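Trainee: As they're listed, the protein sequences go chains X and E. Anchor point for the first sequence: position 66 equals 66 in our numbering, and the numbering is continuous, going up by one each time. Anchor point for the second sequence: position 535 equals 535 in our numbering, and the numbering is continuous, going up by one each time.
Because the hints were derived from the structure by calculation, they are not lab data. You may find that some hints are simply not true.
[To be verified] Over the 12 Å line for every Cβ pair with chain E, so calculated as not near, a few chain X residues: (1) A25; (2) L38; (3) K50; (4) R85; (5) N90; (6) E99; (7) L100; (8) E126; (9) G131.
[Unchecked claim] So the derived list for chain E, only partly shown, Cβ under 7 Å to chain X, looks like this: (10) H118; (11) R457; (12) Q513; (13) G616; (14) L646.
[Unchecked claim] Simulated coverage check for chain E against chain X, where a stretch passes if three residues somewhere in it have a Cβ under 8 Å from a Cβ of chain X: (15) 65 to 73; (16) 477 to 488.
All figures in this text were calculated on a predicted structure; none of them were measured in a lab. Cβ coordinates follow ideal geometry from the N, Cα and C atoms, glycine included.
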Amino acid sequence: MKTEFEPTILAFVCNWCTYTAADLAGTSRMVQQPNVRLVRMMCTGMVDPKYVVKALLSGADGVLISGCHPGDCHYINGNYKARRRVKLLNEILPQFGIELGRVKLTWVGASEGNEFAATVNNFINEIRELGPMQARAMAAV
Amino acid sequence: MSNRIGVYVCHCGTNIAGKVDCADVAEFAAGLRDVAVSRDYQFMCSDPGQDMIINDIREYGLNRVVVASCSPRLHEKTFQKACQRAGLNPYLMQHCCIREHCSWVTADKEEATAKAKHIVEAAVYRVGDHQELFSREVDVLPDVMVVGAGIAGIQAALDVARSGHKVHLVEKSPSIGGHMAQFDKTFPTLDCAACISTPKMVAVSQEPNINLMTWSEVVDVSGFVGNYTVTVRRKARYVNEDVCTGCGTCLEKCPTKVFSEFEEGLSRRRAIYRNSPQAVPNTPVIDADHCKMLTKGKCGVCQKLCPTGAIDFEARDRVEVFHVGSVVLATGYDTMDPTPMTEYGFGRFDNVYTALQFERLNNAVGPTGGQIVLKNGESPESVGIIHCVGSRDVNYHEYCSRTCCMYALKYDHLIKDKVGHHVKVYNFYIDMRCFGKGYEEFYRRVQDEGVTFIRGRPAEVVQENGKLVVVGEDTLLGMRVRVPVDMVVLCTAMEPRPDAQDVARVFGVAQGQDGFFLEEHPKLGPVSTATDGVFLAGTCQGPKDIPDAVSHASGGAAQALALAARGHVDISPTTSWINPDVCIGCKVCIGLCAYSAIEFDERRNVSVINEAMCKGCGSCAGYCPSGAAQIKHFDESQVFNEIDGLLGFRPEGPAEAVEIPIEVRADEPA
Ligand SMILES: Cc1cc2nc3c(=O)[nH]c(=O)nc-3n(C[C@H](O)[C@H](O)[C@H](O)COP(=O)(O)OP(=O)(O)OC[C@H]3O[C@@H](n4cnc5c(N)ncnc54)[C@H](O)[C@@H]3O)c2cc1C
Numbered sequence: 001m002k003t004e005f006e007p008t009i010l011a012f013v014c015n016w017c018t019y020t021a022a023d024l025a026g027t028s029r030m031v032q033q034p035n036v037r038l039v040r041m042m043c044t045g046m047v048d049p050k051y052v053v054k055a056l057l058s059g060a061d062g063v064l065i066s067g068c069h070p071g072d073c074h075y076i077n078g079n080y081k082a083r084r085r086v087k088l089l090n091e092i093l094p095q096f097g098i099e100l101g102r103v104k105l106t107w108v109g110a111s112e113g114n115e116f117a118a119t120v121n122n123f124i125n126e127i128r129e130l131g132p133m134q135a136r137a138m139a140a141v
Numbered sequence: 001m002s003n004r005i006g007v008y009v010c011h012c013g014t015n016i017a018g019k020v021d022c023a024d025v026a027e028f029a030a031g032l033r034d035v036a037v038s039r040d041y042q043f044m045c046s047d048p049g050q051d052m053i054i055n056d057i058r059e060y061g062l063n064r065v066v067v068a069s070c071s072p073r074l075h076e077k078t079f080q081k082a083c084q085r086a087g088l089n090p091y092l093m094q095h096c097c098i099r100e101h102c103s104w105v106t107a108d109k110e111e112a113t114a115k116a117k118h119i120v121e122a123a124v125y126r127v128g129d130h131q132e133l134f135s136r137e138v139d140v141l142p143d144v145m146v147v148g149a150g151i152a153g154i155q156a157a158l159d160v161a162r163s164g165h166k167v168h169l170v171e172k173s174p175s176i177g178g179h180m181a182q183f184d185k186t187f188p189t190l191d192c193a194a195c196i197s198t199p200k201m202v203a204v205s206q207e208p209n210i211n212l213m214t215w216s217e218v219v220d221v222s223g224f225v226g227n228y229t230v231t232v233r234r235k236a237r238y239v240n241e242d243v244c245t246g247c248g249t250c251l252e253k254c255p256t257k258v259f260s261e262f263e264e265g266l267s268r269r270r271a272i273y274r275n276s277p278q279a280v281p282n283t284p285v286i287d288a289d290h291c292k293m294l295t296k297g298k299c300g301v302c303q304k305l306c307p308t309g310a311i312d313f314e315a316r317d318r319v320e321v322f323h324v325g326s327v328v329l330a331t332g333y334d335t336m337d338p339t340p341m342t343e344y345g346f347g348r349f350d351n352v353y354t355a356l357q358f359e360r361l362n363n364a365v366g367p368t369g370g371q372i373v374l375k376n377g378e379s380p381e382s383v384g385i386i387h388c389v390g391s392r393d394v395n396y397h398e399y400c401s402r403t404c405c406m407y408a409l410k411y412d413h414l415i416k417d418k419v420g421h422h423v424k425v426y427n428f429y430i431d432m433r434c435f436g437k438g439y440e441e442f443y444r445r446v447q448d449e450g451v452t453f454i455r456g457r458p459a460e461v462v463q464e465n466g467k468l469v470v471v472g473e474d475t476l477l478g479m480r481v482r483v484p485v486d487m488v489v490l491c492t493a494m495e496p497r498p499d500a501q502d503v504a505r506v507f508g509v510a511q512g513q514d515g516f517f518l519e520e521h522p523k524l525g526p527v528s529t530a531t532d533g534v535f536l537a538g539t540c541q542g543p544k545d546i547p548d549a550v551s552h553a554s555g556g557a558a559q560a561l562a563l564a565a566r567g568h569v570d571i572s573p574t575t576s577w578i579n580p581d582v583c584i585g586c587k588v589c590i591g592l593c594a595y596s597a598i599e600f601d602e603r604r605n606v607s608v609i610n611e612a613m614c615k616g617c618g619s620c621a622g623y624c625p626s627g628a629a630q631i632k633h634f635d636e637s638q639v640f641n642e643i644d645g646l647l648g649f650r651p652e653g654p655a656e657a658v659e660i661p662i663e664v665r666a667d668e669p670a
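Chain X with its partners taken away, still in its complex shape (with noise of 0.2 Å):
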């Protein structure tokens, strides 16, 4: 049965690393599995995690926030923003029976694009492994 679920995986990048990351590892024909999907953000710091409650009502079984690594935020301090509210996030998700591991905040800098390519398989077969997202089920009811 778990073969056949196919996780999708929404992913918020920050326009001045992990999004130029993707560019690359694109550029450089680094395959991916199909099942993510990017929205640019300017910074993981403007995440609101309204966004990220509202992606997985809405049909992904996985989150991912990625930006530039702790001290080369764009914005000077973005990232740390995120880093904190994501950890919030993380405390608030189980009550509404969610998985920790399905939102996961990572760093990528602009020039690793095999490391964008590689975080986003990783994610892929980690959402894969915890199956389909059972609270939505209960949420839509």
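Given chain X's structure and the hints, the job is docking chain E with the ligand onto it.
Mentor: The following block gives chain E with the ligand in isolation, referenced to the frame of chain X:
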């Protein structure tokens, strides 16, 4: 007016169409809500492609446009401008990427097409909520700052200065010229390095439009394109530049001697020193870490001897602030220290030199007065030159350093020329890369001079009976070789300066995988960076030889001048905005703003964004508990729509009827 969206799916030749069924995607898009026209075309960015959008906007009265093609980082501006030409506000266009993030990275055709549909759907939903936005025009300050005064920084500074704009040139070391000042001859023309660089160095010091600051460093940069505020720390030189005549008396009597960085450790300098007699400026500097007066409070010989009283032990670091429109970064490179590659014996055996050391051995004012000699003072009878030391090597640097083959050939020639044609010179190379103008010809010439080329990276350098032996394999002959030589020169990799990370942080530029500063685009933006108004010049962007560094620098200067000459720049309107009707005055946003762009309006009891300072990072919007703070062009409804589209979530039920079906394919013109 209801939305009328035009969707344009680009084939990008076969780059997209090879994986994504573009016609299918266009047809799918035609069925989406509010889509009035949907087309696919081979090259959307081409003239006919852009004209297609412009014509449709006029003919079908489109008020929204979606282009699905390459990454917006490449062509978003192209399509925004096309819309603008048709009279449509550029922010009513959404550019989405089905190439880098879809066709190029997806193995399966059906999956790629399905993914492309999601991406297009998201863009269609998103663009529906786009608002007209208007960029602000701000004045560009006329002055330019150039950081680093190697040959690249010198070129950039002269170019800008000669246009009539003022340049603040900041150099970290006591004098300008960078690595080029260390060389004696330069490939492929073999002209004397000093003869071509010193006139430029002098021109810099005499140019009234250049404010040259050596022994200085940029410690802080704030502001934005056109309006940067740069803080420069001018380190105490302890020698008053205005009074010193450069007579050099002080340099002779100083009792303290330390290894000279400029001489690559081959000789010693005093605690008061200058790099060379030709240094610009020729004012010496006192090395505070070693000067006995500054460390122990006794000595002061230089002060006693100085005929003009220029020595000032009381000098302190000073901080100066400059307001400039743009910055050109020209901080250059370093060469790799080969000590960790113990197999080559550097530091263990006498007569194993790095290339930069060898440059100093050649230099007429270097430690040997330009004689190529061994440590014992004798001339070598045989020399082994090892290419790619730390370059093209997965354990050190994967990239090619681009200059080593050529300077190795330069050494081949110089050895034959200076020491004698009987000297045996062996090049141990992996590939010879002589790609520049006149380079292949130079290679030929050196071959004709009787130099030996052995293909294969040597395994080690050993010492046997006092003689060095290069051990390796000739991969063309398929034979192991042991070549006894008197001297070994290691062509060490060019690498980023050790402080590149700090410099990158101060100027807000990114570093590539290899640590060099990252250009905006590898092909189309090799001079600009992701930070508007900060440009790159020379080897800080990646290994280059002098001709390439100089051209790159002129490119950087041209871009800085384009800004300065225009006098104004459009600032993106995608800043934050706080809706005063919704704001509850909690002030959370104020503490979050990294740019102090939010103020509290006590009278209305709401927070207000100062748009001139806001950079649109969205930290305020992400946290605002009432949803009053929003980033223009990334507001909640737009992001929500995008999420819906990506997930194929259609809360409002099936799509509305299509107004104009795709009866025309653009590639078969109507
Ligand atoms: C052994 C060797 C031999 C070579 N021979 C040749 C040759 O014959 N012909 C040829 O065409 N090319 C040659 N090259 C290449 C040549 O050295 C470079 O192309 C050229 O020097 C690059 O100039 P640049 O200005 O970019 O960098 P650099 O010469 O490195 O100059 C950078 C300058 O910036 C300053 N700086 C650094 N950081 C800061 C900071 N934070 N703030 C302020 N200032 C800073 C440095 O002090 C320096 O003055 C050779 C290279 C090597 C390694």
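Trainee: Are any of the numbered hints broken by this structure? If so, which, sorted upward?
Mentor: 1, 2, 3, 4, 11, 16
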